[in-house]
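Modelling step: build the complete structure from the supplied sequences, incorporating the hints.
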Amino acid sequence: EAGVTQFPSHSVIEKGQTVTLRCDPISGHDNLYWYRRVMGKEIKFLLHFVKESKQDESGMPNNRFLAERTGGTYSTLKVQPAELEDSGVYFCASSGDRGDYGYTFGSGTRLTVV
Amino acid sequence: GNSVTQMEGPVTLSEEAFLTINCTYTATGYPSLFWYVQYPGEGLQLLLKATKADDKGSNKGFEATYRKETTSFHLEKGSVQVSDSAVYFCALRSKAAGNKLTFGGGTRVLVKP
Numbered sequence: 004e005a006g007v008t009q010f011p012s013h014s015v016i017e018k019g020q021t022v023t024l025r026c027d028p029i030s031g032h033d034n035l036y037w038y039r040r041v042m043g044k045e046i047k048f049l050l051h052f053v054k055e056s057k058q059d060e061s062g063m064p065n066n067r068f069l070a071e072r073t074g075g076t077y078s079t080l081k082v083q084p085a086e087l088e089d090s091g092v093y094f095c096a097s098s099g100d101r102g103d104y105g106y107t108f109g110s111g112t113r114l115t116v117v
Numbered sequence: 006g007n008s009v010t011q012m013e014g015p016v017t018l019s020e021e022a023f024l025t026i027n028c029t030y031t032a033t034g035y036p037s038l039f040w041y042v043q044y045p046g047e048g049l050q051l052l053l054k055a056t057k058a059d060d061k062g063s064n065k066g067f068e069a070t071y072r073k074e075t076t077s078f079h080l081e082k083g084s085v086q087v088s089d090s091a092v093y094f095c096a097l098r099s100k101a102a103g104n105k106l107t108f109g110g111g112t113r114v115l116v117k118p
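Residue numbers (our numbering), protein chains in the order written: chain A, 4 to 117; chain B, 6 to 118.
In case anyone wonders, no lab produced these hints; they're calculated from the structure. Just so we're clear, the structure is a prediction, and the values are computed from it rather than from any experiment. Idealized CB from N, CA, C, for every residue including glycine. One should not assume that every hint holds.
Unchecked claim - Facing chain B, from chain A, some residues (calculated, C-beta under 8 Å):
1) 10
2) 11
3) 44
4) 45
5) 46
6) 51
7) 59
8) 68
9) 77
10) 94
11) 108
12) 110
13) 111
Below is the structure:
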């Protein structure tokens, strides 16, 4: 089966601009997660979708971040306006029923805000 | 809340050396424990897992034992190869925390021929 696909793989934008990251989960996976690793620190949870609904968005850092999953398929994560501290690697993962151990991660999007 | 602490890297080894990466955790409830690996240019891959105390996870020559008494899940490999060069992340999940993963800071391992 195809894995979790994220794009772009890299993005360099200026402070104040908008960037949209996309994640295509494994087909049929209801659970979709966003995580990020900032400045070589630990990977932190951002939010969790079950189908098109936000199950848990407790990790979203502020209202400059907006995640959507229309139709319960792919998801987008928009950062608007981007700040320097948003630089890092954004990972997406998906899993099947009940979000059990079978997380599959994408390769990540490396975002650099200059 | 949940937290994971793992040794900082980088760890530089020669081929066939013994590798240990320490990992300790704090968690509510009864977490499941994981090691993930990120090879250069690739995404996170599950390396091994353990779901209850005294379980041993193993894969690709790596092992880790879930030690509840010491809240630890140290990763070991007896003889590393150059291809084991990667960043290793210890992580946990607990139902009490909504099943999301809590990661440690990652340990970069470099194996030299």
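Do the hints match the structure? See the list:
{"no.": "1", "hint": "10", "result": "violated (13 Å)"}
{"no.": "2", "hint": "11", "result": "violated (14 Å)"}
{"no.": "3", "hint": "44", "result": "holds (6 Å)"}
{"no.": "4", "hint": "45", "result": "holds (4 Å)"}
{"no.": "5", "hint": "46", "result": "holds (4 Å)"}
{"no.": "6", "hint": "51", "result": "holds (6 Å)"}
{"no.": "7", "hint": "59", "result": "holds (5 Å)"}
{"no.": "8", "hint": "68", "result": "violated (16 Å)"}
{"no.": "9", "hint": "77", "result": "violated (16 Å)"}
{"no.": "10", "hint": "94", "result": "holds (6 Å)"}
{"no.": "11", "hint": "108", "result": "holds (4 Å)"}
{"no.": "12", "hint": "110", "result": "holds (4 Å)"}
{"no.": "13", "hint": "111", "result": "holds (6 Å)"}
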